[in-house]
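Sequential numbering of the sequence shown, starting at 1, is according to my numbering.
Because the hints were derived from the structure by calculation, they are not lab data.
Don't take every hint at face value.
Pairs of lysine-lysine residues, derived as BS3-like cross-links and limited to a Cα-Cα distance of at most 27 Å, are as follows [as the list claims (entries may be wrong)]:
#, residue 1, residue 2
1, K127, K163
2, K68, K139
3, K96, K112
4, K155, K68
Please read all numbers here as calculations on a predicted model, not as lab measurements.
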Amino acid sequence: MLGRKQNINNEEWFEAVFNIEKTVRREEIEKLTELTVCEIKRNTKGLNSAYAWSGGKDSIVLGDICQKAGIDNCMTGVCNLEYPEFLKWIKVNKPKSCVIINTGQDIHWLSKNQNMLFPKESGTASKWFSIVQHKAQRKYVKENNIDVLLLGRRKADGNFVGKGKNIYTNSKGVTRYSPLADWSHEDILAYIYYNKMSLPPIYNWHNGYKCGTHPWPARQWTDGNGWREIFNIDRNIVILAAAHIQSAADFLKGVCK
1 MLGRKQNINN EEWFEAVFNI EKTVRREEIE KLTELTVCEI KRNTKGLNSA
51 YAWSGGKDSI VLGDICQKAG IDNCMTGVCN LEYPEFLKWI KVNKPKSCVI
101 INTGQDIHWL SKNQNMLFPK ESGTASKWFS IVQHKAQRKY VKENNIDVLL
151 LGRRKADGNF VGKGKNIYTN SKGVTRYSPL ADWSHEDILA YIYYNKMSLP
201 PIYNWHNGYK CGTHPWPARQ WTDGNGWREI FNIDRNIVIL AAAHIQSAAD
251 FLKGVCK
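All chains, please: the whole structure from these sequences, using the hints.
Now the structure itself:
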């Protein structure tokens, strides 16, 4: 069984995907899906509900299950620092009812906030979620009078999901519900496999499963090679950044030697 996401390398994820039929039977995932759909219906009955969709593996599963439970309202939060290939995938594959909310951070903002570039501490990394995903979620909830927003958060990733029914209301008045809280990594992979769902390109990139979805400057665990990792994914990102951020320009000078 896979452990905490941050401690699993991509090779282990790929091996888990390859062997998923041996790990989780179709009947098991169908039963888990049925139970989760029933739980969602019970906990959202009479409420104006929606789900957050990031394009990551957990949210892809969440979205499919929410639709089975009769919840179609959906949102996703992005900024102007997304990987172009990933953003293109998002626009093509997002649920039909999904509202894209752009929180506006761009290369000019990043040049003035370079402490947010390739965060080495979890506290800094979490700020990215606060200024992009959480900000977008608050805006969507307020503008659409949403009573409860469903998320793909899971305990296996070390995420906070509240207590009891995995529902909590934060200080901003946003009520979040994580119906997949007790799903394992293998459950998520099995659902995707048996339902023949496609994943975004990020999972084929270096540390794709470990890093998950994120704006490119929020990339973690780079060991001082952030620009090189980004360059290997999309060199145009680094070329454009070099006009505004000295460390990007310095990296390109080294590459061109």
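For each hint, the structure was consulted:
A hinted pair counts as satisfied when its Cα atoms are at most 27 Å apart, and K127 with K163 qualifies at roughly 23 Å. Restraint check: the Cα-Cα separation between K68 and K139 comes to about 26 Å, which is no more than 27 Å; the hinted pair holds. Of the supplied pair hints, the one linking K96 and K112 is violated, its CA atoms being roughly 36 Å apart against a limit of 27 Å. Taking the CA atoms of K155 and K68, the gap is near 23 Å; set against the 27 Å cutoff, the hint holds.
The structure fails hint 3 only (numbered hints given earlier).
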